[in-house]
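Residues per chain, in single letters:
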Amino acid sequence: MLSRTADHLFWMSRYTERAENTARMLDVNYQMSLMPQSDKAVEASWRALLDLFELTNDYLSHHDVITPSLVMAYMVQSTKNPSSIICCLQSARENARAVRGTMTTDLWESINTTWLEAQKKIKQGTLNVAPTDFFEWVKFRSHQSRGVHIGTMLRDEVYYFIGLGLYLERADNMARLLDVKFVAANEYEGDLLTDVDEFYYWAAILRSASAFENYRKVYRDAIKPKRVAELMILSLSNPRSLVSSVSNVVSVLNRIKNAQSGAIEHDAHSLLSQLRDLTIDEIFEQGIHEFLTDYLYRINRLSGSISQHFLLPLVEVDEK
Amino acid sequence: MVTSTETVAFDEMVNNATESVAHAINQPGGVRRHYEIIANWLKEQQDSALRARHDEAELLFRRVGITFAVYGNDDGTERTIPFDILPRIFTAKEWQHIQAGVQQRVRALNMFLHDVYHDQRIIQDKIVPAEQILNNAQYRPQMQGVNVKNDIYAHIAGIDIVRATHGAEAGECFVLEDNLRVPSGVSYMIENRKMMMRLFPDLIAKHRVRPVEHYPSLLLNTLHQASPQHDAYVNVVVLTPGMYNSAYFEHAFLAQQMGVELVEGSDLVVKDDTVFMRTTQGLRKVDVIYRRVDDDYLDPEAFKSDSTLGPAGLLRAYQAGNVTICNAIGTGVADDKSIYPYVPDMIRYYLSEEPILANVPTFLCRRPKELDYVLTNIHKLVVKEVHGAGGYGMLIGPAASQSEIESFKARVRANPNNYIAQPTLSLSTCPTLVESGIAPRHIDLRPFVLSGKEVRLVAGGLTRVALTEGSLVVNSSQGGGTKDTWVIG
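Going down the list, the protein sequences come from chains A and B. Residue 38 in our numbering sits at position 38 of the first sequence, and the numbers go up by one each step. Residue 256 in our numbering sits at position 256 of the second sequence, and the numbers go up by one each step.
Since the hints were derived computationally from the structure, they do not count as laboratory data. Bear in mind the structure is a predicted one, so any value in this text is a computation, not a measurement. A virtual CB, placed ideally from N, CA and C, is assigned to each residue, including glycine. Honestly, I wouldn't trust all of these hints.
[What the hints assert, rightly or not] Here are some chain A residues pointing at chain B (derived, C-beta under 10 Å):
1) VAL99
2) GLY101
3) THR102
4) THR105
Chain A extracted, bound-state conformation (with noise of 0.2 Å):
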């Protein structure tokens, strides 16, 4: 396959994703805020949220307070913030057109009319009548187009390419989530939190991974924030969680692999390997902060390292 069709597909699939995680962080936020509790946390809550996505600044130029229905006017449908939903829909939509002839006319389809009715939604003002409506309708327009990926697809490199990118960027989006959920959960500690708030706080942040149902079946339990790390770091039984996308990227690349991609696939399997290793008692010993950090860092460079190797041009080689 051409490396330009390869990088238009890797991105469009990770633009895809990309709008459903910003959907579902944006949906706790807004649940959460409609939750009994002081002004400052409220925007102690959004900030968090833009911090996430570090746009905090980009933000501040051009809003001088944090509210959330400008947060979210800003992240789901300001031309201005490149990491908007709408922006993020576009983007993905952009890059299929670009090699629309590759995929199945189903998906294309599928990802065409996302962004146009996402501009018509929009248009109608749907998101401040009813916020969580719309953050359910990006949540399930991309469940559409990964099961039309899943269902019509030929299993070639254009399959492939399109999984890496939705597994890399989910092993970054879900990672940062949690991130930022650990460090403003430190933060309110000795604070606020009784029992119920607490509840609320984790069962919000499953929730957001729809992965509520999921920990209920697993540890028939209350719901304790390491548990929650767990499951959404370590379970390979949990789709969403780190270990679950880092070994999706690694199955991938094993499918991709060219003459240069030894590296790479060493890289992605070491993070696999102490993924595989870790307990969560050792992470939190470390600080979970520390330890997400440190992965986000790996991810950044395995996805560098795959533009480099097979997505940009290759480095000409003289072959016959």
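Starting from the known structure of chain A, arrange chain B on it as the hints suggest.
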């Protein structure tokens, strides 16, 4: 003469062009037989139902993403080409005639191109003046003496055909233009048919409309035949200027339908006079390039040096016979409007046959006598730039204002070689769904002719329709739409 709006009629559909359609439909024998399908069917349709089908088609086209970009238009860079749900219909007999005519024409044009780039007998025998060929901007001296596979230059040709409605030639088909560089529109031919099968499955099945959807297989087969090597696997690619090109949808569509790679200039690299594409597994050799990029942009080493749309060294690889470019470089010398008037003579010269399809009478402004005639009668004529395309750079005399005529006259006088003129034909009209209901609109036809070991085409083509009342301009960039084209029986 342009059909005036008072004599409303669909001359494609009814025998007597002066009768109203309502009258004709309700009168036995008033409708040409093969259009009775539509007449009968229309009788049963509510206007609102038609409108609903029309809206449905628009929605489907948008969802599938069949859009084109309009140059110089910032408000929305993508539009769908308006699709009219009423088909244009040919009988088997009519089609036979058109098919034989365009096959003959394309055969002669390919022989002309081979001659131009080799012995130039047609110049020596004084059929076409040397300066008309050698001073033509589309003539590529780099192609002189280059041998191309099977002596085919225009592997894909789009021949624009119109039907006259009045006077001695009523009902006769004329060739309006040959498109031998990168003719586009074939994807609409196929998508329009798919749309009609979705909207009116019963009509299509009942009337045994001949299929057109196998065009991509014929095209792939034609491209395979053009390969310089005979290995088991021939690597064909479609070369596009990129996703912002107005015809990008079609490039992607054809690549997908043929199952070949859609490449951009930056995906290709030339080494040792051989073309490769960059892939996730390293470099891979390319045998045949179906290019949708103009000559000027194909190779920065040989043509425009700032172009990034083609790889440096492509011409060298081509001249060395390591890759085939379809259509060949330099085909523009044969489809130029100043060469067009000579095509009937080419047919006689190379094939010793009489042309089956006639040209539209054409005045060459480079000839002083004809220039005088054009300047005197400009209000009755369509004046075109010889290198113009897409309906740009032309004047439609009967529709132009006095000041437009004066300024165009000045341009023609300043550079007569650059212009030709033709009488405004009474292009035939076909029933078309517009705001006010069903009304006659002017149409033309572009069949796509494939040349390899034989000359082939599918039974149909792209029917373009001028949606503005009275307009003769069918180009999609100028408000034209399309219709499905049916060959029945």
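Tested hints:
no., hint, result
1, VAL99, "holds, 7 Å"
2, GLY101, "holds, 3 Å"
3, THR102, "holds, 7 Å"
4, THR105, "holds, 7 Å"
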